[in-house]
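Trainee: Construct the entire structure; sequences and hints are all you get.
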Amino acid sequence: MSKGFRQSQGFLHTWSGLLLGWILFLVFVAGTIAFYREGLNRWMRPELARVENPMRVLARAQTYLAHKAPHAKSWFIPVATRQSAGSQLFWVPQPDPNAPKGSGRRGGRGRRDTQALIGADGKVATVRETRGGDFFYRLHFDLHYMPVIWARWLVGFASMMMLVAILSGVVTHKKIFRDFFTLRRSKGQRSWLDGHNAVAVLALPFHLMITYTGLVTLMALLMPWAVIANYTDERAIGAVLFPTMPVVERTGRAAPLVDLRRIAADAERRLGAPASSIQVSEPGDAAARITVSQSPISTLNTRTPQLGYDGVTGRLLWQSPPTGAAAETAGVMIGLHAGRFADAGLRFIYFLCGIGGTLMVASGLVLWTVKRRERLPDPRHPHLGFRIVERLNIAVIAGLPLGIAGLFWANRLLDIGMRNRAEWEIHWMFIAWAIAAIVALLVRPRIAWQIVLGLAGALLVALPGYNAVLTPRGMLDAVASGDFMLAGIDTAMFVVGLALLLIARRVALHRSVARPGRRAPSASSAHEERPTL
Amino acid sequence: MSRTGGHSHAQARWARRGDIALRVLAAVPLGYAASSLCAMALARLLPGTRSGTTVAAALIGLALCAVLAMWAFAARSGWRAVWTISVAGGVAAGITWLSIAVTGRA
Amino acid sequence: MSCATVLLCICGFLLFGLATEAHHRRRCSGVLSARRCTAMRAAGWSSLVAALLAAVIGGGWDFGPVRWTGAVMLGAGAAFLLLNFAPAWICYKRRQRHWED
Numbered sequence: 001m002s003k004g005f006r007q008s009q010g011f012l013h014t015w016s017g018l019l020l021g022w023i024l025f026l027v028f029v030a031g032t033i034a035f036y037r038e039g040l041n042r043w044m045r046p047e048l049a050r051v052e053n054p055m056r057v058l059a060r061a062q063t064y065l066a067h068k069a070p071h072a073k074s075w076f077i078p079v080a081t082r083q084s085a086g087s088q089l090f091w092v093p094q095p096d097p098n099a100p101k102g103s104g105r106r107g108g109r110g111r112r113d114t115q116a117l118i119g120a121d122g123k124v125a126t127v128r129e130t131r132g133g134d135f136f137y138r139l140h141f142d143l144h145y146m147p148v149i150w151a152r153w154l155v156g157f158a159s160m161m162m163l164v165a166i167l168s169g170v171v172t173h174k175k176i177f178r179d180f181f182t183l184r185r186s187k188g189q190r191s192w193l194d195g196h197n198a199v200a201v202l203a204l205p206f207h208l209m210i211t212y213t214g215l216v217t218l219m220a221l222l223m224p225w226a227v228i229a230n231y232t233d234e235r236a237i238g239a240v241l242f243p244t245m246p247v248v249e250r251t252g253r254a255a256p257l258v259d260l261r262r263i264a265a266d267a268e269r270r271l272g273a274p275a276s277s278i279q280v281s282e283p284g285d286a287a288a289r290i291t292v293s294q295s296p297i298s299t300l301n302t303r304t305p306q307l308g309y310d311g312v313t314g315r316l317l318w319q320s321p322p323t324g325a326a327a328e329t330a331g332v333m334i335g336l337h338a339g340r341f342a343d344a345g346l347r348f349i350y351f352l353c354g355i356g357g358t359l360m361v362a363s364g365l366v367l368w369t370v371k372r373r374e375r376l377p378d379p380r381h382p383h384l385g386f387r388i389v390e391r392l393n394i395a396v397i398a399g400l401p402l403g404i405a406g407l408f409w410a411n412r413l414l415d416i417g418m419r420n421r422a423e424w425e426i427h428w429m430f431i432a433w434a435i436a437a438i439v440a441l442l443v444r445p446r447i448a449w450q451i452v453l454g455l456a457g458a459l460l461v462a463l464p465g466y467n468a469v470l471t472p473r474g475m476l477d478a479v480a481s482g483d484f485m486l487a488g489i490d491t492a493m494f495v496v497g498l499a500l501l502l503i504a505r506r507v508a509l510h511r512s513v514a515r516p517g518r519r520a521p522s523a524s525s526a527h528e529e530r531p532t533l
Numbered sequence: 001m002s003r004t005g006g007h008s009h010a011q012a013r014w015a016r017r018g019d020i021a022l023r024v025l026a027a028v029p030l031g032y033a034a035s036s037l038c039a040m041a042l043a044r045l046l047p048g049t050r051s052g053t054t055v056a057a058a059l060i061g062l063a064l065c066a067v068l069a070m071w072a073f074a075a076r077s078g079w080r081a082v083w084t085i086s087v088a089g090g091v092a093a094g095i096t097w098l099s100i101a102v103t104g105r106a
Numbered sequence: 001m002s003c004a005t006v007l008l009c010i011c012g013f014l015l016f017g018l019a020t021e022a023h024h025r026r027r028c029s030g031v032l033s034a035r036r037c038t039a040m041r042a043a044g045w046s047s048l049v050a051a052l053l054a055a056v057i058g059g060g061w062d063f064g065p066v067r068w069t070g071a072v073m074l075g076a077g078a079a080f081l082l083l084n085f086a087p088a089w090i091c092y093k094r095r096q097r098h099w100e101d
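Residue numbers (the numbering used here), protein chains in the order written: chain E, 1 to 533; chain S, 1 to 106; chain B, 1 to 101.
In short, the hints are calculated from the structure, not lab data. Only a predicted model underlies this, so the values are computations on that prediction, with no experimental measurement involved. Cβ coordinates follow ideal geometry from the N, Cα and C atoms, glycine included. It cannot be assumed that every hint is accurate.
Per the computed footprint, the stretches of chain B lying under chain E, defined by three or more beta-carbons under 8 angstroms from a beta-carbon of chain E, are [to be verified]:
id, segment
1, 20-29
2, 61-69
3, 74-86
Quick partial rundown of chain B residues pointing at chain E, CB under 10 angstroms, derived from the structure [claimed, not checked]:
id, residue
4, Ser2
5, Val6
6, Gly17
7, Trp89
8, Cys91
Mentor: Structure below.
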């Protein structure tokens, strides 16, 4: 490869990585945490017991819905598992013919009065109101405080820049496999470069996969043109790719709904795999239909087969047809991104790779400042671009962990009966983050790093202690009852907090390479061998 | 990247900035447009079921966005990047239009 | 998660790492000749292939490659950490000989 080509890709790599790098950092952090969303759903509701009998939860869910929303248009009941907090069900009321157009429900998630959580004991969970781990899942593509379409365009655009950064990074790295194991310590810019290369190259398959498949999950938004080329009505392709049981009109004749446990058992037997969710349309009516979806835990493809039953007789009426190789491929790609099929071991590898990706983005952002600091003509008065990047780095790389620590503490400390408690937990995350950003702006960078990282680390390290003393699910209780997920989350928080404290300490002890007044101190080491970037 | 020998230092800096601006133009709006048009052309031309080719074309279109962005910066000059990507988009647009005119959409 | 797959990957990457000049000097005795380098790399690749077989046998052709890829990354990371952060006295240095391998 010619030198000019490599140089051009090096330039592209730097800027496509830097310009939206802070958004990518947020996406990576939130996405990595979201691999344990179910565990966090439970961790953030410490009052809840573990689900031992999923079928019992299903039966009680049906009873609850029959009592609370007997004439709803449809019910959505996720089948509880040992890992989930319970059955987070919701229902869609009958459309009101008298309501003016456009005043209809905003969306399944937002409305509080059409959803409920059935816990392990079969009762509606009267626990602290919280978004739980699902918040992190949503955060990493819907962001917050903005319409989701804007957020997805922004995240999509940033992800494309990430993909370009990865590909150009691979191309520009001259000896990518020979430098594989290189780590030069305490050598300023070169150490940062080696570290950045290490986390990037060692988990390169994951980074490539997660970035490209992330774009695939947003494919309908980002690349709808192929559909437009082939179809006049996008619903036509939707019917092929996401087949559903034919809709039946409500008859108005009441008929009792069959026991959903029977349906679930029959479906699991036919599918040869667990069921993940049950949707009932027109419950309590003679035209009731039940659709059971297979759990994504059993296959790579995220679009799992479905079975359709008659709601009154329980007879099998419909099976989802196969969707073809291309649709399978797209489904597998989305499945690989979400990792719902992953068991405990593979999920932990996903998590470690996600941390690697986070470190890759963070080290890249810091490397930019380290490299340029050594070349500054006057280190006491850097140019505006440098100052912006330096401050943003502190505000985001150190600030986001502080925000998340704030979220977890808000989850513990906010008054249980508070109104809009779930939203306030999230407000507290952004409040803590804003405080970190203000510190990053006003305080000298070196001190700011220490303050924000130290505070974040201290808060995270203290959480397991709080759990042990003031919740029924502390570390010892969790291990004693065999609940390794909760124990693992406590451990992870402690380890991450400790790491942040150690980094803060390292910043405090660091002797900077360039002294004010000395120009180009690295001229003497310019002839050393170095990997290119 | 292109070199501007024989100009003053400031002029060279602006020439370089212009070159980069052209490449960004080629990579982002033009690159996305060309990738989308290529996806449309592929959706029309690839063999297989209609839904299958649509999905395959969209998957390729996404990858093409990244590749065209890399090409925009690897090209010998900014202008070259702009016109090659524009021509590619134009050809794809022509193919798509012709195909839709002949066989129509579902 | 198959232990065999992960362990084979760690071995493979340790072999790749030790086949590089700097790490070989630090942890192995003798000179890194071209022949030894090729032999170690071949052994490393064999280890990775064996890991793939173990993964496919354990998980089939759909989950197997996914587990293998995970194991490869884990193995690379573990080897990287071991080679760069394990104390210097952990090495394979044979007693002084008069001839090189």
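Trainee: State for each hint whether it applies.
Mentor: Right, here's what the structure says about each hint:
1. 20-29: holds (count 3)
2. 61-69: holds (count 5)
3. 74-86: holds (count 7)
4. Ser2: For Ser2/B, the interface hint holds, since the closest Cβ of chain E sits about 8 angstroms away, which is under 10 angstroms.
5. Val6: 9 angstroms, holds
6. Gly17: 4 angstroms, holds
7. Trp89: Hint violated; Trp89/B Cβ to chain E Cβ min 18 angstroms, cut 10 angstroms.
8. Cys91: 15 angstroms, violated
Hints 7 and 8, counting from the list given before, are not met by this structure.
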